[in-house]
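A.B. asks: Protein sequences, first through last, are from chains A and B. FYI, this note's numbering numbers position 234 of the first sequence as 239, with every residue one higher than the one before it. FYI, this note's numbering numbers position 85 of the second sequence as 498, with every residue one higher than the one before it.
Take these hints with a grain of salt, some might be off.
Unchecked claim - Computed Cβ-Cβ distance ranges for the label pairs, DEER-style:
1) A:P107 - B:N679: 47 to 57 Å
2) B:K451 - A:I321: 41 to 51 Å
3) B:G716 - A:K417: 43 to 53 Å
4) A:N330 - B:K451: 34 to 44 Å
5) A:K298 - B:D687: 50 to 60 Å
6) B:T604 - A:N21: 48 to 58 Å
7) A:I321 - B:N679: 34 to 44 Å
8) B:K451 - A:E79: 49 to 59 Å
Said to hold, decoys possible - Examples of chain B residues toward chain A, derived with CB under 8 Å:
9) N501
10) L502
11) H523
12) S524
13) E528
14) G544
15) H545
16) R581
17) R584
18) G609
What the hints assert, rightly or not - Every beta carbon over 10 Å from chain A, so not counted as near; a handful from chain B, in silico:
19) D436
20) V452
21) E466
22) L626
23) E639
If you are wondering where the hints come from, they were derived from the structure by calculation, not from laboratory data. Idealized CB from N, CA, C, for every residue including glycine.
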Amino acid sequence: MTVLIKNGTVIDPANNINTAKDILIIKGIIKSIEPPGKLDTVNLNNPQIIDAKGCIVCPGLIDMHVHFREPGFEYKETIESGCQSAAAGGFTSVAVMPNTNPVNDNRSVTELILSLAKSKGGIKVHPIGAITQGLAGKRLSEMADLRDAGAIAFSDDGCPVMNSELMRRAFEYSKMFNLPLIQHSEMLDLTEGGCMNEGAVSTELGLKGMPTEAEDIMVYRDIALLEKTGGRLHVAHISSGNSVDLVRHAKAKGLPVTCEVAPHHFTLTDEAVRGYDTNTKMSPPLRSNKDIKKIKEGLKDGTIDIIATDHAPHDITDKQVEYQNACFGIVGLETALPLSLKLVDEKILSMSDAIRKLTATPAQIFNLDAGNLSIGKEADVLIFNPDIKYSIDVSKFHSKSKNSPFDGWKVKGKVFHTLARGKIVYTDPDL
Amino acid sequence: MIIPKNILGTKGLSKEEIVTILDSAEAFKEISTREIKKVPTLRGRTIINLFFEPSTRTRTSFEIAGKRLSADVINISGSTSSTVKGENLIDMALNLEAMNPDLMIIRHSHSGVAEMLSKFIKCPIINAGDGHHEHPTQALLDLYTIREAIGDLHGLNVTIVGDITHSRVVRSNIYAMKTMGINVTLVGPPTMIPLGIENMGVHVSYSLEDAVLDADVIMMLRLQTERQNEFLLPSIREYSNLFCLTTKILKRSKDDVLIIHPGPVNRGIEITLDVMKSDKSFILNQVTNGVAIRMALMYLLLGGNNDSLN
Chain A
6 MTVLIKNGTV IDPANNINTA KDILIIKGII KSIEPPGKLD TVNLNNPQII DAKGCIVCPG
66 LIDMHVHFRE PGFEYKETIE SGCQSAAAGG FTSVAVMPNT NPVNDNRSVT ELILSLAKSK
126 GGIKVHPIGA ITQGLAGKRL SEMADLRDAG AIAFSDDGCP VMNSELMRRA FEYSKMFNLP
186 LIQHSEMLDL TEGGCMNEGA VSTELGLKGM PTEAEDIMVY RDIALLEKTG GRLHVAHISS
246 GNSVDLVRHA KAKGLPVTCE VAPHHFTLTD EAVRGYDTNT KMSPPLRSNK DIKKIKEGLK
306 DGTIDIIATD HAPHDITDKQ VEYQNACFGI VGLETALPLS LKLVDEKILS MSDAIRKLTA
366 TPAQIFNLDA GNLSIGKEAD VLIFNPDIKY SIDVSKFHSK SKNSPFDGWK VKGKVFHTLA
426 RGKIVYTDPD L
Chain B
414 MIIPKNILGT KGLSKEEIVT ILDSAEAFKE ISTREIKKVP TLRGRTIINL FFEPSTRTRT
474 SFEIAGKRLS ADVINISGST SSTVKGENLI DMALNLEAMN PDLMIIRHSH SGVAEMLSKF
534 IKCPIINAGD GHHEHPTQAL LDLYTIREAI GDLHGLNVTI VGDITHSRVV RSNIYAMKTM
594 GINVTLVGPP TMIPLGIENM GVHVSYSLED AVLDADVIMM LRLQTERQNE FLLPSIREYS
654 NLFCLTTKIL KRSKDDVLII HPGPVNRGIE ITLDVMKSDK SFILNQVTNG VAIRMALMYL
714 LLGGNNDSLN
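Just chain B, with the same shape it has in the complex (with noise of 0.2 Å):
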């Protein structure tokens, strides 16, 4: 199987891609769990982590991922690049490029970044998150976590609660997990909501409760709480009376409902701790997952061989 030659969505991932790269993912969990976690996989290969925007999670998790594999891995931060001084980003990109690296890992807070680098650039691009639009290891290593839990994904209910408007998790994920045969239903007040996103055949509600009623996983999103002046909100407490995935409302739900969430977690505002902490939630195995996912998706666009996993 054949994987695109960049991942800048999972939006047009074939279901087959999908489970390929899932699959591979399983194979390298197992890597993590060694004493000596590391293989020679991309031994001699340069991966370029270029961040335009905070993350802890995604940017270590693409760090450790590639030096799992033996890649040196060099990381940029916004601060710390040349944009700074005023360089257009494309002839950033085209100077990083022309240190010859073998894969850009790339996240900026504006939708479609990644796709306009990778028209000027040949060396491969994934998208670890542009703006709104998509954010798609995110959504792989969503899907991977319940696969593992749950196993078939075909046919589950998906229900995914908060800030739609602004969320890359919540797109990439319904596009991967249309894919996969997932009934994904969408809650948030409908201020963040975004005009016309039934088309992405979801459904809609405004009421938590009632979401989680037939929901085999329930994804919780963290509430931008930098978003307070846009008219969005009265205020975080009425948000939480509204939307906080609580013990009491997880009674309305089915007793295995798997909850996940991307991180990072507002404790007490989208979710309560007791619910965090219990064993429906599966957000740290997520976060472990990430890095199979990242070394998979690194092993197949790489082209790296089987036969250097042992």
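For reference, chain A alone in the conformation it holds in the complex (with noise of 0.2 Å):
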């Protein structure tokens, strides 16, 4: 099988590419890639030829923070559904967290997610093993185990490790695998019982607010844990301008700290919650204007290392209920890349840096063989088309959840194809 994209942009921060190039798969594996035309020349046995023009050509996107519900809630998403739903949004590897039933804290839990990822994902998936026993933030994990049989990274993620002994403790033990621990950073005792963001808006709703302070405390306290201990930390889901500041402080020590953002955390504010859309409903919750803005800045001089969708999908019989009985999370992988190009439109990042997060930067930061665009290496390529404008339709996601506020959303960047392995994925349906 040859495939042959031509006429397009490659875009390829981790080899430093920004220009037209063509690119020639042979056998699933980048064979090179060459100025316009050149390729043409070479006898090719009967390729596949992929029509670039107007396109940007780049590696499959890596989402390092998704939720595929299986096993345990397949009603949600699949591993199936979630690689399709990824695949369509531009992704070719992802990262899933461990709260399903059972949890993934054990060996067996980690090779049934990579086993059903290779007869029906298509796409990469990576398993994230729980730091603590079943997330209940008692004792750890089998760490070791669970990276034997191909955990990534550790996280608690929707469960944040409260007990600091235990998380130092967690960190310690993580230095024998030089993986990072992925924390979503909440002081449940500032956030029970609520629901959006701690504000006026929650004040004028009567909604249970959060404050960003939940968020703030547990980061900075796991700075100095790891300031202590060593190990690696990636603080998931950014919300909060001030612990933004705070992850600054800490790379500027040299603290091996890194952070993501969600695409919904730098688009909307709680103001999206009023008229008690559950959609708007996620942890954390949406924020402050000013948060955004220092999440913006963040993002612009790399404080924000990479952008990851905490894709979580819910069933309508989870969200078409009271605000307050809602399900958190949102679906994010069929929306990340438009709402990710419009920080190149508003001139935060370069079209290249946008890329970079979403692909070369988490590679390095999960040591991830992705991200890239190398000769030799498996062909995980995204063809997008940034000047496209469409409306966003969660009927058509390919998720089998809907749960996103962006319906409706007028937007521009198009996913046109998606190859993992050199294997088409996806193609637009409007193509």
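The task is to assemble the complex, starting from two chains supplied on their own in separate frames and drawing on the hints.
C.D. replies: Right under this line is the structure:
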């Protein structure tokens, strides 16, 4: 199987490429990248030609924070449907959080996820193991066994590790593997019963607020512990402006701290909660303009390393209820690219830096063999047209769940083709 | 004057709409003083009272209002509703709507429920209180009571005292009072004053003694004693020492100050018995007026005609 991608602009931040090139893929491997037209003369055996005119050709995107719900909550998402959603969004590698049922705190669940991903996924799925057994925050999980089975990081996402002694020991223990601990930073005693950002809007709506300080305190606690213990900290879905400052300060000290932001946290504020649409309910919650401003500064100066979606599919049954009772989270894979490209329009990031935060940098932080278009590597490639405008239509999502606040939004930037391991796993149906 | 299809809150109600409602209530108040307290205005109409939270005053008030207008009123309480069996709230509302009621009155402990249901059902809705969000009929009956006792609402100073954070009565009153040109001061311990409430155009004070000085109206809120485990107060005793409306405090206020309270009252906690029973207290007038306000809203929402009043 031979694929020739022609006439596109290749942006491969890992290799500092940002120019018109053609790409030749043979048997799933990137064989050569050459100036336009040069590969036409190569004697190819009936190649499949993809015309990428007007498009950007970049490494397949990497999302280090998704929930694929399998095993346990297959009515919300499966590994198969999650991978289809990822491919439709331009992603070829994802890392799945361990809050399944059973929890991914042991080798057998990790192996199950990898085996389902292999047979049904099409893209690369990386399991994240639990920091503590059962996400209960009581006892460390068997990190060595999880690592051996294929876990690439550890997290109790959704159930922050509240016990500081346990977190300290987790940092220490994880040093044996040099794998990052991903924290959902939230002091639960400050957010109990909360369902949106605390502020003037929560006051008006009569909904219990979740203050940004709940995030800041845990981010700082973890940084303080890390400074003592060593190890690696990755702050999940940063949403508070002050937390961005804390991470910047820690990085300036040379501490091994990285962080991610979800597109909704630089796109929407808590004003979106008016009207009580439960698709605006997520944790951490949508914050204020002040926070967004600091998040954008953090994206610009590199404090925020990567963009990750926190793709959290929930069935309508779990969302079409009282705001207070609705599940936290929104799907993100199929809206991440156009929302991230808004940062390019706003001149927060260059196109190359936006792509870097979705490819090269996550690969580097989590030590994945992906996120670049180097010759000899498996061909995980995204071809998208950055200029096409369209309306987001949740009914067309490939995810099983449609819980997105962006339904009907007019956006720019459309995925045309996604290739994983050289195989086309998604093509825009409108092409 | 056409008022909105639903009364989900006082937010967004115009001055004209509020005046229309208050004026209509005046006409309806008289009916409750008759020997035969019933007019045929809403004969053949069905009103469902859907109360997911305990309520004596509000539920009864709506029921009486409906019955005095000859509507058929059905009461459903949380404990007798099928949500106990796990039915989704929206499904339940759709099922009730399938029986063709003309109006649904909804009370729920979660903010936003009335607004959420209004997006799924076509039947008009009156919000009878949703969580800590809004309780529009209470605010309207408060305005009615103040207008009846004092006259012109514009420029009055109203002081509202108590747990502001957890009060839907406060939010509805702020919207309605600001619309009518009333100055609102909120008083309570800082633990019970929510972040950013000043954005709603109110003054905030932590001192009851100061806040009663210029007040034309003092509205006391019930201290929700069930919230004692939320670190909000050291004790009810201390709360009372600081925020109970006593005869002594009242000596600092205007002679003709009006005292109201949405009820139910915790005697001796937020208001002393002698103040509650004093001639400054209009607490029972509020309850009487509540029926008139609700009759007026039912009439206005269901498009009854004036002729049937007689």
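A.B. asks: Indicate, hint by hint, whether the structure satisfies it.
C.D. replies: Each hint, compared with the structure:
The hinted range of 47 to 57 Å is satisfied by A:P107 and B:N679, whose Cβ atoms lie roughly 49 Å apart. The supplied range of 41 to 51 Å is met by B:K451 and A:I321, whose beta-carbon atoms lie about 45 Å from each other. Under the hint 43 to 53 Å, the C-beta atoms of B:G716 and A:K417, about 47 Å apart, fit the expected range. Between A:N330 and B:K451 the CB atoms are about 40 Å apart, so this pair conforms to the stated range of 34 to 44 Å.
The supplied range of 50 to 60 Å is met by A:K298 and B:D687, whose beta-carbon atoms lie about 54 Å from each other. For the hinted restraint 48 to 58 Å between B:T604 and A:N21, the CB-CB distance of approximately 56 Å keeps it satisfied. In this structure, A:I321 and B:N679 meet the distance hint of 34 to 44 Å, their C-beta atoms being roughly 42 Å apart. Between B:K451 and A:E79 the beta carbons are some 58 Å apart, a value that agrees with the proposed interval 49 to 59 Å.
At a threshold of 8 Å, the smallest CB-CB gap from B:N501 to chain A is about 7 Å, leaving the interface hint in force. The interface hint given for B:L502 holds, since its Cβ lies 6 Å from the closest Cβ of chain A, which is under the 8 Å cut-off. The closest approach between the C-beta of B:H523 and any C-beta of chain A is roughly 4 Å, which is under the 8 Å cut-off, so the hint is satisfied. A least Cβ separation of about 4 Å between B:S524 and chain A falls short of the 8 Å threshold, and the interface hint therefore holds.
Because the closest C-beta pair between B:E528 and chain A is about 6 Å apart, less than 8 Å, the hint holds. At about 5 Å, the closest approach between the beta carbon of B:G544 and any beta carbon in chain A falls short of 8 Å, and the interface hint on this residue holds. Hint status for B:H545: holds, given a least beta-carbon distance of 3 Å to chain A, under 8 Å. Contact between B:R581 and chain A, as hinted, is supported at the beta carbon level, the nearest pair being about 6 Å apart and thus within 8 Å.
Among the interface hints, the one on B:R584 holds; its C-beta lies about 6 Å from the nearest C-beta in chain A, closer than the 8 Å criterion. For the restraint placing B:G609 at the interface with chain A, the shortest Cβ-Cβ distance is roughly 3 Å, inside the 8 Å limit, so the hint holds. At the 10 Å boundary, the C-beta of B:D436 stays outside the reach of chain A, the nearest C-beta of that chain being 28 Å off. No beta-carbon of chain A comes within 10 Å of the beta-carbon of B:V452; the shortest separation is about 36 Å.
The claim that B:E466 lies off the interface holds: its Cβ sits roughly 12 Å from the closest Cβ of chain A, which is beyond the 10 Å cut-off. No beta-carbon of chain A is positioned within 10 Å of the beta-carbon of B:L626; the least distance is around 26 Å. For B:E639, the requirement that its beta carbon stay farther than 10 Å from each beta carbon of chain A is met, with the minimum near 14 Å.
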